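S.K.: Sequence:
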Amino acid sequence: MSSLPNANDEIVSPLLSQIAEDFQVRMSSQLSDQVRDGSTYKGAFTGRIAVDQLAIVLDTSDRQLALLIGRSLNAQGLFSDVKKERNLFEDSEEIYQFGVGMKEGNTPEQSQQKLESGSVNGVWTLLTKCYSASCNESRGSGLYKCYSCICPRGATVEQRSRY
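Quick note, the sequence shown lines up with residues 1 to 163 if you use UniProt numbering.
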C-alpha cells in the first residue's frame, strides 16, 4: 500500500518530466562502471541505486511508489536495462544506463537534452492534490475519506459503498 502525502505535507511535483529532471541531477553523481555477464558498462547504475534516488526525489519511504514511477520513466525511454531485456527492478544485480544526453561525466545541464525534447511526460495522479471542492482530505482523524469519484487519492468504489 502506498504511503501518500497528507494534506499538510508538501507535495512533490506530479509531473514526470520534473521527477525525471530531479532524478537525473541526483543520479549524475551515482554513475559508475558496472559489470554484467562479463561486459563493462560505463556510466551505468543498479536498480537498487535508481530506486534509492527516486525515493529521495519523491521524499518518500515507500519504495514501491519509487519503483512504479521509475518503471514509468523506464517505459518512456529515460533509461533502460543494458541488455534491453527488462523493466526496472530494485536489484543490485540489474544494470541500467541513461539514454541520449545522460552519460558519465556529463553535467546535469548537458543531460537536459532528453528532457527538453519532450520525451518524458505525464502526470502521476497519486501525487496530486484532490481537485474536488467536496474533498475532506484535511480531516484530522488520519482516515482519509473523500467521497468524490474523481479524487486521485479517494477510496475505491468498494470502500465507498461501505460509507
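Worth double-checking, as some hints may not be accurate.
Across the chosen pairs, the derived CB separations fall in these ranges [what the hints assert, rightly or not]:
id	residue 1	residue 2	range
1	Ala133	Arg86	15 to 25 Å
2	Lys129	Ser32	16 to 26 Å
3	Leu126	Glu85	27 to 37 Å
4	Thr128	Arg48	48 to 58 Å
The calculated lysine to any residue pairs, modelled on SDA-like cross-linking and capped at a C-alpha distance of 20 Å, are [as the list claims (entries may be wrong)]:
id	residue 1	residue 2
5	Lys83	Ser72
6	Lys129	Ser28
7	Lys42	Ser61
Keep in mind that the hints were calculated from the coordinates and are not lab data.
On a predicted model such as this, the values are computed, not experimentally measured, just so you know.
Backbone N, C-alpha and C define an ideal beta-carbon position, used for all residues, glycine too.
S.K.: Measure nothing beyond the straight line between the CA atoms of Lys83 and Ser72; if it is 20 Å or shorter, mark the hint as holding.
M.R.: Holds, at about 18 Å.
S.K.: Against the 20 Å threshold, does the CA-CA distance of Lys129 and Ser28 hold or violate the hint?
M.R.: This hinted pair is violated, its Cα atoms lying about 30 Å apart.
S.K.: Between Lys129 and Ser32, does the beta-carbon spacing fit 16 to 26 Å?
M.R.: violated (38 Å)
S.K.: Does the structure keep Lys42 and Ser61 at a Cα separation of 20 Å or less?
M.R.: violated (29 Å)
S.K.: Could you check the hint for me, namely that Leu126 and Glu85 are 27 to 37 Å apart, CB to CB?
M.R.: holds (28 Å)
S.K.: Using the Cβ atoms, figure out if Ala133 sits within 15 to 25 Å of Arg86.
M.R.: Taking Cβ atoms as reference, Ala133 and Arg86 lie about 43 Å apart, which means the hint is violated.
S.K.: When you take the CB atoms of Thr128 and Arg48, is the distance between them in 48 to 58 Å?
M.R.: The hinted range 48 to 58 Å is violated for Thr128 and Arg48, with Cβ atoms some 28 Å apart.
In terms of the numbered hints stated before, the structure departs from hints 1, 2, 4, 6, 7, listed from lowest to highest.
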